[in-house]
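K.L.:
Take a look at the letters that make up each chain.
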Amino acid sequence: MTTANPSHGLLAGRLLVCLGPGGVGKTTVSAALALGAALAGRQVDVMTVDPAPRLLDALGLGAVDAAEPRVVPLDGLADVAQVADLAGLFDLADAASAESSNVVELAAARARAGGVGGARRRPARRAGRLRALRLDPKRTFDAIVARHAPSPAAADAIMQNRIYRNLSQALAGVGDYMAMERLLELSEQPATDLVVLDTPPAREALDFLDAPRRLLDLLNSRAVTLLGGGMRRGFSVVDLAARAVLSAFDRLTGLHLLGDVQAFVRSFDGMYAGFAERAARVQQLLIAGDTAVVVVTTAEPERTAQAHEFLAALSTAGIEPRAVIVNRTLPATVSAAQVARAALAPALRRKLERAAEDFAALHQREAAAIVSLRAGLPAGLKLLAVPDLGHEPAELADLARLGRSLAIL
Amino acid sequence: MALARLILVTGKGGTGKSAVAAALALCLARRRPTLLVDLDQRMWAARMLGLESSDNPRDNSDDAAAHDKGAAAIARPGAIANLETISLSAGTELEAFIERIVPIKAIARRMLQSRTFGYVSAALPGLEAFLMLERLRIVAGRAALEDRYVVVDAPATGSAIELLSVPGALKQIAPLGTLNRLAANVESFLADASRFAVLLTLTPQELALREALEASDVLRGRLSVSVAAAALNCVPPPLFSRREIDELDAPGADRRFACLAQWRAGAGRFAARTRREASRAGLRVVELPMLFSPAMGRAELEELSRALDARLFPPNSGKSGKSGKSGKPPTSAGSAGSANVAKSAGAARPAKSARSARSERPE
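Quick note, the sequences are listed as chains A and B, same order. Quick note on numbering: our numbering labels position 396 of the first sequence as 396, and the sequence is numbered without any gaps. Quick note on numbering: our numbering labels position 96 of the second sequence as 96, and the sequence is numbered without any gaps.
Please note that the accuracy of each hint is not assured.
[Said to hold, decoys possible] So the derived label-pair ranges between C-beta atoms look like this:
1) ASP40(B) x GLY318(A): 51 to 57 Å
2) GLY274(A) x ALA299(B): 39 to 45 Å
3) LEU145(B) x ALA153(A): 52 to 58 Å
4) PRO150(A) x VAL218(B): 37 to 43 Å
5) ALA299(B) x GLY376(A): 26 to 32 Å
6) ASP40(B) x SER335(A): 49 to 55 Å
7) ALA153(A) x ARG181(B): 32 to 38 Å
8) ALA84(A) x ARG298(B): 34 to 40 Å
Just so you know, the hints here were simulated from the structure itself, not pulled from any lab data. Beta carbons: idealized from backbone N, C-alpha and C, even for Gly.
Chain B with its partners taken away, still in its complex shape:
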């Protein structure tokens, strides 16, 4: 399966969205030059990778060369080969837009500082969001020319869907005219699976699963956006068999032992259920192991990126279309993670592959 040029990573808060975005960027950068885009100024994904961004993009707005690109779109070479990070923000996109429209720079600058202008932009919240999407469209277009991947660390599901709904809303407000044409352009960019796709992150938890399923419905239905996959994050590697848990639960035994084993097995069971339900909804599930490490840093992200690589680019991916038997885990899965990926070749097969995946588990 070919990946879209630009992949926007979103999910419920707390599902490891930024970590997955960072790991995906690492994974893709091993294949092609990749751009990691952050949609707020915190740049958490870049920070997790150790790419500290001490230089605020705004500080460069005096730079004449930067002027035409839009104030925020300044690529910052990182310490990782083939990986660059940038940060986009609604505010800077709006500034770039104003500076385009107002030819006299001094006036544009004073205007941006005026309270009056603040009120006006507050009255048109869709405009800022729209300019961000327009910027993503341009970034993706440029990446296509340079044959690069783009990974976007987006806000959590609700806000991301709001953002992606803006072009449709603008088209309704402006049924004719240039804005309508621009919005239609952005909409067709978002609906083009070769240029734009969403990666949903979730964890083996009820709420995260619900939110991912609902988001997938809205994205594919109302917004006609393609969902590349659901990254099921934090799946604990299976450890105990049912028999072993019973053994630990014997009368007279230390109850804390059985509880520990049950806790571990319970998370595994819910992961299996999550995988089943997501596959049933027609989502391609990409499983990522829970990393039991004291910190989440560069080494851990490398490990996640290897897991992603094995699942997104399985060695036999040349023969696509053949799936259902995930009998042999990809050999390059370096992690201790449960190595099965429920490959969803459409909605018909996943139930079977989920079953077979389960039967391999010790439990």
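Chain A on its own, in the form it takes in the complex:
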């Protein structure tokens, strides 16, 4: 990887957080960036959330219990080709099927010859490492409860709670919070230089970034008292009204649902301090200077509009994103004019012209989306593109190619 690669600014820090609307390929981009950093010599951990089966296979997480980090082999990936245009995609497919072993050997030979530089602040020859893991919110939550609970009996009580069992994943962004927890663990490992974090699909950027605060608010809330216990002194008319609603709700349900919520929240009583302390550390981590936040999107009007919403939310939260990455951009190809000059049978040439025009129309649609994305971006915010491979990334080489092909728009 050369210093000209635009990803450098993103991969040199300690933490890279990929945010973005659902369906834009956040997980793929996270994995490709992490792989790129590892190939540049860094010790990288990438945490994926809900990856596609083929991506899991590519990362070696397919059949195994992937809640713990697993080492991803990097052999032969150092010199994959950049994806420049449509023809390049097909060349790759041909090379892969015809002489894959030769390609790998060639790449390995080039790597030995010193074709691969290191990341800026690292010794050039240091071997990189990539580990991947998959977030399991329920298991992470269980582990935290077990760790922080004052006694095994208390931990048991929480895990047996009806609310915990049925709703713990939906509860106040628990999934998001668990991603944060895991992040903290990973970032504290001395053997890791960079943690790349893929985030759960969210409608709003702050769903994720706000998760620790929301969970803490809930655990520390006066609602606990209101829900089932006696009233404290100094309650207000609002509290009275809340209580009226809550008891109306309990009457309506004919159950002690709210009692359960209260028991659930109360069972965290002794654990609040531990949670609060960790949440504060996560918040620190997110705004640290060596943390890079990127927003991933695709060049479609709905997604670019959402990307703008994410950026606005980040700016409100005082977080300065490092880049916007447009995933699945169309590769370049021949124009209809070029086809028109070709020596082809007239019927075939007309068809090819039509195909080129169709492709150009899609390019035009994409260009318009990128123009609207660019409009209003803060000055200095990088706009980067990752090309569409024409298929789901099925192997590490695909991810390496995507990482290599990251280009400034």
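Given chain A, work out where chain B should sit, using these hints.
P.N.:
For chain B alone, coordinates are given in the frame of chain A:
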């Protein structure tokens, strides 16, 4: 085949869910008054149709007339005949619920603004989702009285399934009582194919296909929800024959030409595979053409809606049950789209119809 009163459109992100919902609403509005419902405040489907919603439903909450309907359910007449759009949100449904329970309006309002209340509603996330579904049940009931269609532009598959799972989860939490009865009501609404069905959107891509198949399993199995069809979106019209691609791939020829043709043909081939697999899973596949236009606006949605119309209401649909030979494409298919719809008359036939569909293709 009769369509359900309310059709909820969902699919993997990026499969054109909102566009398909908008096109479906256009298509149905040509037959009967139709209501397009958006489940978040962005109203993307309505915006694509040029029905800008500058008035936020929340702004109308002072309106006494609106009060009883629930704050968000204010129909907004659009510029398209027979088509109205509304936006529902969990927040406004919750407000409406609180305002129902707390008789004194000032107190209800102050409560909704209090942080304490925020914590409580955060502790009961199923409640908001449940109130949304309850609202959809009421909207569908009203639409039945007025003989209207309802199209819902729902969130992406994962969230949509979470939403539809809420009544079942609530029933488990509340095995008795009023909430249980309400949840059972909503559940039977969702399971009634004449009142509620899902339209899954997908594109000719591996992940979209997987997600649609998995969603269909969960919907039909665990949730007992009927899946009206799978809308296979973005199918490129076939252009090159195999022979032509070989011709372009001849030694000495410009490689970029062959690649362009292969790219086009490859997408077509995967579309055929997608159609086969979806049909094999017992899904009725409704194909929509890839529109090679520089923008996706009202005109393009009209084109998609005509394609949908031809496939959902084929001219000979009176003789239902006869299928398998999709020899003649519906004549009203105005688009350049590949005109075959793999009609799945149950799971037994589709393989054949997919084959015959393929043999018609130039490739």
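K.L.:
Hints the structure violates: just list their numbers, smallest first.
P.N.:
1, 2 and 6
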